[in-house]
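Top to bottom, those sequences are chains W and Z. Under UniProt numbering, the first residue of the first sequence is numbered 1, with each subsequent residue one higher. Under UniProt numbering, the first residue of the second sequence is numbered 1, with each subsequent residue one higher.
Do not take every clue at face value.
Unchecked claim - Each computed SDA-like pair below joins lysine to any residue, with the alpha-carbon atoms no more than 25 Å apart:
1) Z/Lys12 x W/Arg82
2) Z/Lys12 x W/Ala137
3) W/Lys188 x Z/Ala79
4) W/Lys188 x Z/Gly119
5) W/Lys12 x Z/Thr59
6) W/Lys12 x Z/Gly177
7) Z/Lys98 x W/Lys98
8) W/Lys12 x Z/Ser91
9) W/Lys98 x W/Ala137
Because the hints were derived from the structure by calculation, they are not lab data. What you are looking at is a predicted structure, and each value in this text was computed from that prediction instead of being measured.
Protein chains: 2
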Amino acid sequence: MHPHLAPVDLAKAYRLLNHGPTVLVSTRHAGVDNVMAAAWCCALDFAPPKLTVVLDEATRTRELLEGSGRFVIQVPTVAQLRLTEQVGNHSLKDDPDKLAKAGVELFDLPDHDLPFVQGCSAWLACELIAEPHNQAAYDLFIGQVVGAWADDRVFSDGRWHFETADPAWRSLHHVAGGHFYAIGEALKAE
Amino acid sequence: MHPHLAPVDLAKAYRLLNHGPTVLVSTRHAGVDNVMAAAWCCALDFAPPKLTVVLDEATRTRELLEGSGRFVIQVPTVAQLRLTEQVGNHSLKDDPDKLAKAGVELFDLPDHDLPFVQGCSAWLACELIAEPHNQAAYDLFIGQVVGAWADDRVFSDGRWHFETADPAWRSLHHVAGGHFYAIGEALKAE
């Protein structure tokens, strides 16, 4: 179904987020799927891999995540610029057709009852580590990564290949108000 | 002393980190200054601005930060690639000459008893919001941003200008093992 989807060793899953991309957060609960954009997502630990994500209490995604205890963090691409902006600016609370209008197509993976977004470069399936104080005081959620995958056209052998892949695969880095930067040139410190 | 250093409105301070750069963390306590690199730093709130940063318990920076309750998060540039790699790979515990060897030059700002790193593109002075459980369980530290500045050659009017500034000003985004990407092309979602 997805010939380029390749598993990523959990010990290297942090590399999918280490360069600070804006992400998509997807959730499923009680028959409802949703996807939102989030710039405030960050690796937290290597092994087992953990991450943080900030989810405003007004979001439907947060309600679903608190209901199911599971979510997907995925890395959208330059080709998904409009999709990313749309799912970040519209709420499922206001528009039940949000995902279709933004052009989101979902797919399933075995053993994970979660909605994965087609066309992303990487996916991290997470289980919520409940920290009620962080969630209430800071809107801060901690997830343990229990599965990781990438599109082998842009990430393989534990490394991103932005410098050789089609530029449409580059990650998005939101600043504010729909202004993004794509990731750029590769550099190696001596 | 620093003719291009311009204050950043605290309401827009999150924009200095929103695109996910690798940062430098600097601290001062009991007469000791230190600087380390950290890829796991993320905005947490808009007003008052807050951020998170992950600091391994083996680091001298963490000891100093826990001592003083204050730190600076700053955004290094492509011109500081070697410096960033060096302060990330060497500990003051092993080498008292670490900062000099890495080429770090520090400067002071009025009313902030903190060491600021010359040549960065942005600086956020932070006060620790003590959260002992997060610090012990996750190495996760929360700071409230109490002052923000940027070099007006690359950030002004509340916006980054990577697309028009000299490429040496671009932010660094670490993946692993000294492999970085610079931030790249500007994109605007319609």
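Requested in this report: Check each numbered hint against the structure and report the violated ones by number, ascending.
Outcome: Numbers 7, 9, in rising order.
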